[in-house]
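Starting from the structure of chain A, add chain B where the hints point.
Listed here are the chains, written in short residue letters.
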Amino acid sequence: MRHGWKQKGLWLASGALFLAGIVKPQAGTANPAKDDGAINGFVKQHCTPCHTKDMATAGIVLTADTSATHRAKNLETWAKAMEAVKSGRMPPGGGKVKPSEREAFVKQVEGQIGVDCRLATPGRVTLRRLNRVEYDNTVRDLTGVDAHFGRDFPSDDVGHGFDNLGDVLSLSPLQMEKYMDAARKISEQAILVPELVKRSYRGEDMTGEGGANLAGDVWAMASVGAIQAPLKVKQRGRYRIEIQAFGQQAGPEVTKMGVSLDGRQFEVFDVPSTRDKPGTYSTEVILNPNSKQIGVRFLNDYYQPNDPDPNQRDRNFFVIKVSVEGPLDQPELPRSHRMLMPASPSDADVRLAVGRLAKRAYRRPVSTDEVSRLMKLVELAKKEGEPVERGMQLVLQALLASPNFLFRVELDNAKGPRQLTDHEVAARLSYFLWSSMPDETLLSLADQGKLRQPANLQSQLNRMLADPRAGALAENFAGQWLQLRKLEVVTPDPERFKQYTPALRDSMLGETRSYFRYILANNRPVSEFLDSDYTFADRSLSQFYGLPDVPSETPVRVKLPEGRRGGILRQASILTLTSNPTRTSPVKRGKWILENVLGTPPPPPPPDVGAIADSTKISGKTIKERMAQHRTDPTCASCHLMMDPLGLALENYGPIGNWRTDDEGFPIDSTGELADGKVIEGASGLSKYLLAQRQKFARTLTERLMVYATGRPMTRLDDCFLDEVLNGAKSGDYKFQDLLRGVITSDPFLKRGTAP
Amino acid sequence: MNPNSLNRRAFLRGAGAILGLPALEALTPVTAFAQSTPDRPLRMAFCFVPNGVHMGHWRPESAGNLGDFPATLKPLEAYKQHLNVLTGLTQKNAFALGDGPGDHARSSAVWLTGVHPRKTSGENIQVGISADQLAAKYLKEKTRFASLELGCERGGLSGDCDSGYSCAYSNSISWTGPSTPNAKETRPRAVFERLFGSIAAHEDAAAAAKRRRLEHSVLDYVLEEADSLQQRLSQRDRMKLDEYLTSVRDIERRLVAMEKGEGRKVVVGQAPTTPEDFGEHIRLMGDMMVLAFQADLTRVCTLMFANEGSNRSYRQIGISDGHHEISHHGKDEAKLAKKRAIDEYHTLQLAYILKRLKETDDLGAPLLERTMLVYGGGISDGDRHNHDDLPILFAGGDGKAFRTGRHIVYENGTPMGNLLISMLDRMGIRGETLGDATGPLPGLF
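If you read the protein sequences in the order shown, they are chains A and B.
One gets our numbering by counting positions in the first sequence from 1 and adding 64 to each.
One gets our numbering by counting positions in the second sequence from 1 and adding 867 to each.
Bound conformation, chain A alone (with noise of 0.2 Å):
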C-alpha cells in the first residue's frame, strides 16, 4: 500500500473548515494565558512536521505562533487540533505521547479556545434563492398550478450537505432563462385567456394532396384526394367546421366527402348541390390546442369517358372555403384561473386580485406603488387589444420571474443583529417544514403581528408537522441527512443483485422515509432511529427481509422478530447507499456513521492511497483481513481505526442490504476493535454503542436541522444554541418535536445578524 508522504499531495484535509471571518476575534474570548510556551513546545514536537503552510495537511496549518491571538483569531482550527488530539486521532500512531502531555495540551487549549456565549450572534444569512423543490412547490401553493418546471432546471448547487443554502446556490443565465420559460408557461395553464376563433380558409390557406388542384380560388378534386385547414385554437372546446363545397354530378351516386380532424374521418356528407348553387355543410368537432388540421377529402370518384350522356361521365369535386368557428361553449375554468382572476374586470377588482397575488407572491405586505407598477403591464395589455386575462398572465408571469420572488429576501440592518419580521418568520417556517411558501394562516398571524409569540410558534410547528406538506421534510431534509438521494444513482451488480430492482429499491427508500416520518409525527426520541423493535415494510421488503409476508404495496408499520434489524443502520436503503456495486465497504459504512450519527466527519483520504481488493474469492482473504492493513500503518490508522470497526459490526449486511452469514463462502466476522481497545460484536453491539452516544447523536441531528432550517453553515459560537437546544429536549430524552420547537424558537432562526 502506498500512502502520501512523499506527494506534495496530502492525505488528510477537513471537510470543511471556516476560518477568521465568519468568527471575529472579540476581546474576552480567548484569555491570554501564561503556558502558551508549553502549548508551543507540543505542537512543534508534534504538529508542524505536517501542518505546515505548505503541505496544510487536513487543512489545518499550524506554525510557531501559537500565541493566544492566533488561537483567538483561527477558533476552527484549533478546536480541530484539540479534538483531534483529545481523540487520541493525532498525533498518528500516537504511543509516542505521554497520557498527561495528551490531557495537559488539551485542557490548555480548551479553556482558550471557548466560546463566550454572551457574544453569541445569531449569524447572518446570504439571499436565499428558491431552490428546485422549493420552486415547484411554491408555484403549486401560489397559482395551483402543479406542473413541476423545477424538475428541468439545472441541478442546484449543494454546500454543507444541503441544497438550500444561500451563500451556496448561485443563479446561472441558464437557469433565469429557465424561470423565464417558467414563467410564461405557468401563467398560461393558470389563467385561460378567452379566445374565439372565427376563421375561413380559402385557396392557399389550404394545402392539397392526391387529385386535389388550386384552380383560380377554388380547390378541384377529379380523381381522390384531400385538402387540409391548418389549425391554430389555444383553448380546448366544441367547434363547428362549415365546408362549402359542391359536385360535379356524374354515375349512380351523388358526391361524397369526409372531414377529417388529423387524418381521422369523423364525418362523411352526401353533396348534391351543384356549381350553380354551391352547398354548405356543417359539423363540429372536438378541437384542442394539439389539434393540427382539418382534412375534406373527396370519397368516391367516377369516371366513364364512354358513358353516352356526356354528362354522366366524370364526377368531380370542388371546395369554395372551410370555415372554423369556437368555442361553442364557455370554456371550463381551471381552479388556479377562479383562484387568480379578480372577481369583476373593474379596475378596484383588479387591482385587488393583484395586490392579493403579489402579497402571496412576495410573501410580505406589498406597497401601493408596487401594485401600481404590476397594474401597469394589465394597461399594457389592454391598449395591445387583450383582454383583462392577458393583463393578468403577464402580472404572474412577472411576478414569477422577479427577485421577490425568485430570492427570499431579508434586509439587513446597520446598526446591529435585528429579530425578523412576523412575515418573515412566516418563511422561515414555511420553507424549512414544508419547502414551500406560507399559507394563509401563516400570512395573516403574520399580518396581525402574532406568529412570533411562543404560544403561537408552538401552535403553528404543530398544525404545520399535521399537514401532508411537512412530507417535504423527510424528502428533502432527511433524504440529505441521510444521503438517501444517493441511491437514486448507486448501482449494484445486476449480474449479483437481481433481486435489486427499481421497485425494490423504491421500497428500501419507501421504508426510510416512513421510518423517519414515524418518528417525527409521533414525537419519539431520536434515539430510535439508533434502534428499534420496528420498522416499516411493504410486500417486497418484507419479502427481501425474510419478515412474514405483508400484504400491502406501501410502507406499513411492522414488529420485527429479534436479531436482524431494527434502526436505519441496518436499514437496506442506507447500507446499500454506503456499499460498493460488487462488495460491502466497511470504510464507507464506518464513515457514513462518523458523519451522520456521531458527527465526527473523518478527513478525506489520502491521493493515491489504492484500494483492497474487489473480490474474496479471488484475493483469498476475508475483507476484514485485506483491511488489517489500515490498523498497521500509523497514517492510516488514525482515521481507519474509527471508522473500519463501525463498519465492520455491519458485514451479515451485503451490498444490498442482504442479511447474510458467509460472503463468496468465507464466514463473517461481524467484531471490530475500536482505538481504545474496545470491541463491538456486530450489528447488535453497534446499537449498543451507539445509543450510549445518544446526546451526540442528536447534537449531528440538531446540527442539520440547524443548517437546513436557516440556510447557513454553524459555526464555533452557534455552538451556543446548539446547546440550549440540547438542553431544552434533554429531559424527553431528545424528542424529535422538542428538538424542532428548540430550532424554531432559537436565535438563529428568529433573527438576523449583520453583514461582516
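Keep in mind the hints are simulated off the structure, nothing from the lab.
For every residue, glycine included, the Cβ atom is placed at its ideal position computed from N, Cα and C.
Please note that the accuracy of each hint is not assured.
Label-pair ranges, simulated between beta-carbon atoms [claimed, not checked]: (1) D733/A x R1021/B: 52 to 60 Å; (2) Q368/A x R1078/B: 48 to 56 Å; (3) D570/A x R1270/B: 51 to 59 Å; (4) R215/A x R1078/B: 21 to 29 Å; (5) Q1183/B x Q693/A: 30 to 38 Å; (6) G1185/B x Q757/A: 40 to 48 Å; (7) Q1183/B x K447/A: 53 to 61 Å; (8) R1078/B x D393/A: 37 to 45 Å; (9) D906/B x D570/A: 50 to 58 Å; (10) G1272/B x D570/A: 49 to 57 Å; (11) A1073/B x D433/A: 28 to 36 Å; (12) G1310/B x D216/A: 40 to 48 Å; (13) D1094/B x T555/A: 44 to 52 Å; (14) K681/A x G1185/B: 17 to 25 Å.
Chain B only, in chain A's frame:
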C-alpha cells in the same frame, strides 16, 4: 443577406424515424434566427472527459506525423489528418498547492480557467473566467447565444462532490465569472427547444411582434424590481442579485437580437428525448452542438461527456463497476483493461462528432474546416491524480486550415492555458490572459 444562407438544410439524424412520424411532420421547417453572417465564422468547442485516461494506450509512439494510432485513438483513424495529439500540457493549478485532496474537483475547475480554485464545499466558490467564456464575451453580439453549455450528467447530489470541494467545481468547466459556474443542459430536448423554440412556428408576424412587446414589458418590470432591490441590499447579497441582473440583461439582449434577426435557415426535426444509451446521449448532444454551429446560433460550446469524478458504469460495454473506482487501478491489470475500454468508448463518440462536423455543410464547405475542437481532461493518470502531461487532442481545420496530423510533444509542464490562448488568438481575441498561461503555444497551427 447571402443567397446561400437560404435553403440550407440540416436533418436531425433519424428524428423522424425515432418518433415514428411521417416524414412531412418530422421536417417541419423551423427558422433559427441568427444574425446574418456573410462569411464563415470560426467556432470553438471543448469536449471534456473525467478521471484521466490510460496514457499507455493514448500516447502515440513518436513525435511528428501521426503513424499507427494506439488503441484508445483507433476510433479516430479516419480523422487522423484532422487532429493533433498534444502531450506535455499541464494545468499546474489543479495540483493541491497546499489544499490537500480534491484533485477531481480541481481538475475540472482548472481545465479551461487555469486558475487554482478556492477550497470550499459551499460558500464563496471561486476560480476564474474560462476560455470559452472569454470568447463568448467577445462574440455575444454576433450570435443569439453567447455560448452553449452541454453535458450528459446532471450535477449535484448530497454532500460535497470531492474532499471538501463544492460540486460546482466537478460539474462545470465553463465559468462566466470567477464565482459563477455556467450551468449546463443535459437533456437533448431542452437544448433543442432552447435553440429552435417550442413556441409554434406558425404564429403570424403581427401576433409574434405583439407577444414580444408584452414579454419585453415583463422584462422591464423585473429589471426595475431588481434595481430597486439592489439598492437596499448589503454587499454580499448584492453579489447574489448581480448574478440575477446579468442573466436577465442577457435575455433582454437576446430578445432584441431576435427582433432584428434574420439569417441562416436550417431545417430540423422534432425535439429528441433523452436516450437510455449513454453513447447515444453523447452523440445527440454532439448533434445539438453541430446544429447550433451550423445555424450560427452560437460559436462557442462546451460538452462534458461526464462530470469529473463520475462513477457511472458502462454496462453497454460490459463494465458494471464505476468509472471512478476503475480509474483508481493501482496498476491492477483487470482495472487497467476496463479503463482502456472506457477511454476508447469515449473516443468512439468523439469520432461521431468529428464525422458530423465533417459532413455538415457550412456555406459550401465542411463545418469542420471552421471549427477548433479540444478534447481531453484535467487528469492524466486517474490513479495518481496528476495534472501534468494531460491527454489533449486538438481537432479542426478539415486538414486544410491548420497543420494537423501530428503528435506534438511539449515540454512537460507547459501550461495548457497556452493552447487556449492560441485558440483565442485565432478567434481574433488577442491579448487575453488566462490563469498561468504565458503566451500562445508554438507550433500548434
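Okay, the hints, checked on the actual structure:
no., hint, result
1, D733/A x R1021/B: 52 to 60 Å, "violated (40 Å)"
2, Q368/A x R1078/B: 48 to 56 Å, "holds (55 Å)"
3, D570/A x R1270/B: 51 to 59 Å, "holds (56 Å)"
4, R215/A x R1078/B: 21 to 29 Å, "holds (26 Å)"
5, Q1183/B x Q693/A: 30 to 38 Å, "holds (35 Å)"
6, G1185/B x Q757/A: 40 to 48 Å, "holds (45 Å)"
7, Q1183/B x K447/A: 53 to 61 Å, "holds (58 Å)"
8, R1078/B x D393/A: 37 to 45 Å, "violated (27 Å)"
9, D906/B x D570/A: 50 to 58 Å, "holds (56 Å)"
10, G1272/B x D570/A: 49 to 57 Å, "holds (53 Å)"
11, A1073/B x D433/A: 28 to 36 Å, "holds (34 Å)"
12, G1310/B x D216/A: 40 to 48 Å, "holds (45 Å)"
13, D1094/B x T555/A: 44 to 52 Å, "holds (48 Å)"
14, K681/A x G1185/B: 17 to 25 Å, "holds (20 Å)"
Hints 1, 8, counting from the list given before, are not met by this structure.
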